[in-house]
Amino acid sequence: MATPNVSYSGGGLIRHGSVPGAEFIGGVLTPNKYARISDPGQIDPTMTIPFDIVFDSTDDGTTTQTIIASVPFTFKVVDVAVQATANSGGGTVMLMNGTNAITDAIICAVDTTVTRAGTIDKTYAVVATGAALKIVKNAAADVGLVTVKVIPAVV
Amino acid sequence: MATPVYQGDGLVPNGTLTAGALMDRSVTVDKVAQLGHPDQPDPKTVGVFAIHADCSAAAGTIAVIASTPFKMKIVDVIVQCIGAVALGTAQVAVGANPVTDAIVCAVNKVVVRAGTIDAAYATVAAGSAINVVKHAAGDQALVTIIAVRL
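Going down the list, the protein sequences come from chains R and H.
Just so we're aligned, residue 3 is where the first sequence starts under the numbering used here, counting upward by one.
Just so we're aligned, residue 293 is where the second sequence starts under the numbering used here, counting upward by one.
The reader is advised that the hints may include incorrect statements.
[Said to hold, decoys possible] Now the in silico label distances, taken between C-beta atoms and shown as ranges: (1) Ala71/R to Gly352/H: 28 to 34 Å; (2) Gly328/H to Thr64/R: 43 to 49 Å; (3) Gly328/H to Asp113/R: 36 to 42 Å.
[Unchecked claim] Here are some chain R residues pointing at chain H (derived, C-beta under 7 Å): (4) Ile39; (5) Asn89; (6) Asp113; (7) Ala119.
Hints in this document: simulated from the structure, not taken from any laboratory.
Note that CB positions come from ideal geometry on N, CA and C, so glycine has one too.
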């Protein structure tokens, strides 16, 4: 199964003075770099730092693509946006927790159009450490930028 | 002037961000970057944070935060319905003042974002109460508030 480019954004708590320059760019994702919802160390247990997983879905001839084969820590999906990067009649993208659907089939049919998740299933929105985060497309030619907004979670 | 502390929200490709450049994962006041801080790379640059609350408890008003730890501005709200309740809504309020519209929360699994945010109340002073006001006590909402520190 193909694994197209994946990039992560944000969420790391960075110490004072480190934002300018090279230190801001780079980093390996590890659990202790992320604030977790409900962590007793938070200033308020409802507070956390969200981050985005950005996945560039290209046409590799398959309809199921893996974003992350084994997620490094537990997180909860709170939003998904799909930006179509080509026209593809009937195109859709569905976010999956393994083989279980997290979202509805999000339209990805008209180049440059951004569509957000219409539904998120709480049963599968929490993606446990080691689980696979995937998308299932209506057709291999359905291509677009998939941005998954998540919050790290204590379980 | 106190040493500024930043919270990152940029792209982090592999490589140079060392463990020592990171704080631990707990969110405390001095780890959240302030919008407009003169020591930011650009004063418009700031990291967002999220307030995430399960507002499904049986009450018309859910107290999300009793006293905000610092001044902030709400920039977006996402409501995920986790149980069908006809006419259900969730509205973020600061004290008794509504920040958003009444966001529909009536059909299980459906995600709805804020349709309106009132600039008059979106800026939340330190020590304020953030509440979620529901149409009815039984409304089932997971509410994610996206905010920046001021």
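Against the structure, the hints come out as follows:
no.: 1; hint: Ala71/R to Gly352/H: 28 to 34 Å; result: 44 Å, violated
no.: 2; hint: Gly328/H to Thr64/R: 43 to 49 Å; result: 47 Å, holds
no.: 3; hint: Gly328/H to Asp113/R: 36 to 42 Å; result: 37 Å, holds
no.: 4; hint: Ile39; result: 5 Å, holds
no.: 5; hint: Asn89; result: 25 Å, violated
no.: 6; hint: Asp113; result: 23 Å, violated
no.: 7; hint: Ala119; result: 5 Å, holds
In summary, the structure is inconsistent with hints 1, 5, 6 from the numbered list given earlier, while agreeing with the others.
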